[in-house]
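Both chains are sitting in their own frames, so use the hints and assemble them into the complex.
Spelled out from the first residue to the last, the chains are:
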Amino acid sequence: MNVQARKEALRYFFRKVVDPLGYKFSPDTELVEFSLEQEVALERKYGVPYCPCKRISGSRSENMKIVCPCIPYHREHFDAMKRCWCGLFVHKDVTDPSKLKQFPAQPLKKG
Amino acid sequence: MAEKKITVYALSTCPWCRKAKQFFKDHAIAAEEIDFDLCDSQKQQEALAVMKKHGGGDSFPFVLIGSDPVEGFDPERYCVLLGIQL
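In order, the protein sequence lines correspond to chains A and B.
In terms of our numbering, the first sequence opens at residue 1 and continues consecutively.
In terms of our numbering, the second sequence opens at residue 1 and continues consecutively.
In case anyone wonders, no lab produced these hints; they're calculated from the structure.
Keep in mind that this is a model prediction, so the values were computed, not measured.
Fair warning: there could be bad hints in the mix.
[Claimed, not checked] Straight-line C-alpha distance at most 30 Å; calculated DSBU-like pairs for lysine-lysine:
id	chain 1	residue 1	chain 2	residue 2
1	A	LYS101	B	LYS53
2	B	LYS53	B	LYS5
3	B	LYS4	A	LYS101
4	A	LYS82	A	LYS65
5	A	LYS110	B	LYS43
6	A	LYS99	B	LYS19
7	A	LYS24	A	LYS7
8	A	LYS110	B	LYS21
9	A	LYS65	A	LYS92
10	B	LYS21	A	LYS7
11	B	LYS4	B	LYS19
12	B	LYS43	B	LYS5
13	A	LYS101	B	LYS25
14	B	LYS5	A	LYS109
15	A	LYS45	A	LYS7
16	B	LYS52	A	LYS82
Just chain B, same shape as in the assembly (with noise of 0.2 Å):
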């Protein structure tokens, strides 16, 4: 399986989003973390730009697998699109 460009969207202030960022962490999985709160006005257009391409950008964690989104901390959804075992 070729590997997929994984990002987290993610808030500082939201648990979900931590539990998201976890998940990646506990199955070595490298992903790139993008706190949309901690961001400057430019990288948080470029980010929110993103996500409303795919339909989200207002709900936290986003998740980006290869070009799957995922909106909601959702494990099960994760391993399916990766490709492994939860």
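Chain A extracted, bound-state conformation (with noise of 0.2 Å):
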């Protein structure tokens, strides 16, 4: 299957996934399509459409955290953000996803 191909089963899925939890793909097209174009690769990589903004580590079980849409796993924070840690979803009230901040799920340490 090629890229394109891929990308428009991997949109259709996600659709279902996300759509029951409140999430749409985010209005920004450009961001939406080198994402799905960037699991596209991380799938043909390692099996598995990981988040292009996510460490992948030795461990399934934490991998299987990061697999995309992760949204169940990361709920609490991706609600408060009203967007994924990616931005490939967002939630269904925004319009312009370019107010929405990334900020972490837990406060940083100064070194």
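As structure tokens, then:
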């Protein structure tokens, strides 16, 4: 399957998963196309469409938490941002994703 | 203001990492860029140790401005830490 066809397949499956969770694809189409393309590449490399903005570790159980759409594993954090970490999905009421901030789930430590 | 060392820890697949890198280029601010997924295992371990020391390590972009960590693309925070206007 070529990249474009796989992107369309992921789009179809992802929509079915995120819709009942109250999310939709971001209106930022450039970001969506780029991110889906990266996920297809990650899927080809690892066999799984991981989030393109999360570290893939050696732990299968940890990696399961970053398989797109990873919203159920990070619900509280993503709901607070009204977007998922990579911004592929946003809350259904979001019309301008550029206004949404990306912030960490937990406070960081100054070194 | 003393010049702060800036390091951008990124993934080559991450769109927000690209924006973070571009932010520093647009402001003509020197920043070291580390593409975590393209590094060898030893360099990854070193980078991960730094990110974990600051409470991060799982999400990108991760930017270190002096000793202040910023996880996520946050130009407003970058400006505050650098003392510049957005």
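Here is how each hint holds up against the structure:
no.	hint	verdict
1	A:LYS101 x B:LYS53	holds, 24 Å
2	B:LYS53 x B:LYS5	holds, 17 Å
3	B:LYS4 x A:LYS101	holds, 24 Å
4	A:LYS82 x A:LYS65	holds, 18 Å
5	A:LYS110 x B:LYS43	holds, 22 Å
6	A:LYS99 x B:LYS19	holds, 15 Å
7	A:LYS24 x A:LYS7	holds, 16 Å
8	A:LYS110 x B:LYS21	holds, 21 Å
9	A:LYS65 x A:LYS92	holds, 22 Å
10	B:LYS21 x A:LYS7	holds, 26 Å
11	B:LYS4 x B:LYS19	holds, 20 Å
12	B:LYS43 x B:LYS5	holds, 18 Å
13	A:LYS101 x B:LYS25	holds, 21 Å
14	B:LYS5 x A:LYS109	holds, 17 Å
15	A:LYS45 x A:LYS7	holds, 15 Å
16	B:LYS52 x A:LYS82	holds, 26 Å
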